[in-house]
Amino acid sequence: MSLFSFICALCAIGNLADNFVAAFDPREYSLRSVKCPAVDRALGKVSDIKIEYIDVNPAAETTVLMVHGWPSLWSSWGNQIDEFRNDYHLIAMDVRGFGGSAHPEDVQSSSTLADITADLTCVLEHVGVSAAICLGHDWGAEVCYEAARRRPDIFFALVGVTVPYLHAAGPFIDSVQLTASMPKLAYQIFFEKNTTDAVKELNKDIRRSLRATLRSVDSPPPELFLTSESTFVGAWDAVSEIPPIPFFSEEEEDYFVERFSQQGFDKSLIFYTRGNRYGTWQFAQAQGNYTIPQPVLSVLPLNDPVADWLFAAEFLKVTHLLPQLTTKTMKGAHWPHMEYPHVFNAILREWLDGLGSRVPGRVYGDGDGGGLVDEL
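Note that the sequence shown covers residues 305 to 680 in the numbering used here.
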């Protein structure tokens with residue numbers, strides 16, 4: 305072996321070491337649950353739904369509430385739970401309609417972001433916490449932005465991963481309009497206009513649906529993935545067996561399949577229906593306040609096949625509405641906190657450490673109640 309080849313081999317080993325993390329075992333954690341009031345707009349009634357979550361290190365002074373996106377679960381934060389469990393009080397929840405968390409019968413209009421943020425405050429009340437940092441990925445990021453906008457008395461800081469602040473300051477934009485400029489959002493038209501067919505397709509083979517979606521920079525989906533208005537998994541038809549989820553251990557993937565099998569994808573497309581999206585926009589428009597004055601960290605991946613999120617943030621002029629915004633970019637497709645956890649965790653820890661005196665003390669209960677841009 306030449307000296308050059310030897311050096312290249314060492315570099316490759318070093319890169320693998322940098323990205324290696326011990327496998328997270330979600331079965332080591334006990335799930336708790338709380339009954340939260342939820343409106344069913346189709347039936348015109350309010351009933352309680354069960355929300356499941358894990359509660360780690362409740363004695364810590366500062367609470368971080370973790371909110372996943374689609375298609376995901378609380379355990380998608382495993383690398384962050386391992387990293388921060390000794391320093392922070394961590395709460396990771398299954399969003400309504402995912403895993404073991406229930407959902408009103410109506411999925412079309414009964415889960416606006418305002419509805420979901422009410423679940424967040426319900427969980428915090430249940431564990432006796434009055435102030436928290438909201439950490440969200442994908443649609444979970446939008447939940448956190450809305451939670452901080454609506455309840456600055458509770459959410460004193462937030463972290464949005466992958467997706468920037470999609471504020472409601474302008475006119476409502478539907479999925480068809482979005483796809484005209486962002487063709488990789490065509491799948492959202494399928495989810496919105498043919499929700500029943502989309503659920504049927506996703507439920508046909510849950511493992512295959514999850515593998516199709518949770519891909520990485522090094523193991524990407526086909527080029528046509530996400531571009532169809534009539535199918536979601538169809539871009540993978542030429543592949544008999546989709547490779548395992550690249551950033552999961554076998555046990556982690558099995559856990560995802562098991563949890564999604566509890567209720568399928570039936571209630572999980574809430575983020576894409578027109579009723580929920582329009583209701584979210586309408587609620588914020590009626591309030592008229594779009595500025596989030598709290599500290600905000602936005603972590604945007606540079607290789608997301610869905611969209612150029614840094615460009616989207618600039619186009620939306622989010623810095624005008626986020627006066628304490630810090631933006632960081634990093635290598636990654638749509639799941640940077642799972643693809644490159646060491647890099648992501650370092651960014652997050654530096655920002656958390658920088659909050660300093662802006663972190664309020666937390667209130668304990670009995671647990672039984674109801675813009676800088678750095679490129680890495």
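Everything labelled a hint here was simulated from the structure, so no lab data went into it.
Predicted model only: the values in this text are computed from it and were never measured.
Using N, Cα and C, we set each Cβ at its ideal position, and we do this for glycine too.
Keep in mind that a hint or two might mislead.
Calculated lysine to aspartate or glutamate pairs in the EDC-like style (CA-CA distance at most 16 Å, straight line) [to be verified]:
hint: 1; residue 1: LYS504; residue 2: ASP570
hint: 2; residue 1: LYS508; residue 2: GLU429
hint: 3; residue 1: LYS488; residue 2: GLU429
hint: 4; residue 1: LYS339; residue 2: GLU429
hint: 5; residue 1: LYS354; residue 2: GLU429
hint: 6; residue 1: LYS635; residue 2: ASP478
hint: 7; residue 1: LYS497; residue 2: GLU429
hint: 8; residue 1: LYS497; residue 2: ASP522
hint: 9; residue 1: LYS488; residue 2: ASP478
hint: 10; residue 1: LYS349; residue 2: GLU409
hint: 11; residue 1: LYS497; residue 2: GLU527
hint: 12; residue 1: LYS354; residue 2: ASP344
Across the chosen pairs, the derived CB separations fall in these ranges [unchecked claim]:
hint: 13; residue 1: HIS646; residue 2: SER532; range: 31 to 37 Å
hint: 14; residue 1: GLN591; residue 2: LYS508; range: 28 to 34 Å
hint: 15; residue 1: THR500; residue 2: GLU554; range: 29 to 35 Å
hint: 16; residue 1: PRO487; residue 2: TYR582; range: 18 to 24 Å
hint: 17; residue 1: ALA364; residue 2: LYS635; range: 26 to 32 Å
Hints versus structure:
{"no.": "1", "hint": "LYS504 x ASP570", "in the structure": "holds, 8 Å"}
{"no.": "2", "hint": "LYS508 x GLU429", "in the structure": "violated, 38 Å"}
{"no.": "3", "hint": "LYS488 x GLU429", "in the structure": "violated, 39 Å"}
{"no.": "4", "hint": "LYS339 x GLU429", "in the structure": "holds, 11 Å"}
{"no.": "5", "hint": "LYS354 x GLU429", "in the structure": "holds, 14 Å"}
{"no.": "6", "hint": "LYS635 x ASP478", "in the structure": "violated, 29 Å"}
{"no.": "7", "hint": "LYS497 x GLU429", "in the structure": "violated, 36 Å"}
{"no.": "8", "hint": "LYS497 x ASP522", "in the structure": "violated, 32 Å"}
{"no.": "9", "hint": "LYS488 x ASP478", "in the structure": "holds, 15 Å"}
{"no.": "10", "hint": "LYS349 x GLU409", "in the structure": "holds, 11 Å"}
{"no.": "11", "hint": "LYS497 x GLU527", "in the structure": "violated, 23 Å"}
{"no.": "12", "hint": "LYS354 x ASP344", "in the structure": "holds, 14 Å"}
{"no.": "13", "hint": "HIS646 x SER532: 31 to 37 Å", "in the structure": "holds, 35 Å"}
{"no.": "14", "hint": "GLN591 x LYS508: 28 to 34 Å", "in the structure": "violated, 41 Å"}
{"no.": "15", "hint": "THR500 x GLU554: 29 to 35 Å", "in the structure": "holds, 32 Å"}
{"no.": "16", "hint": "PRO487 x TYR582: 18 to 24 Å", "in the structure": "holds, 22 Å"}
{"no.": "17", "hint": "ALA364 x LYS635: 26 to 32 Å", "in the structure": "holds, 30 Å"}
In terms of the numbered hints stated before, the structure departs from hints 2, 3, 6, 7, 8, 11 and 14, listed from lowest to highest.
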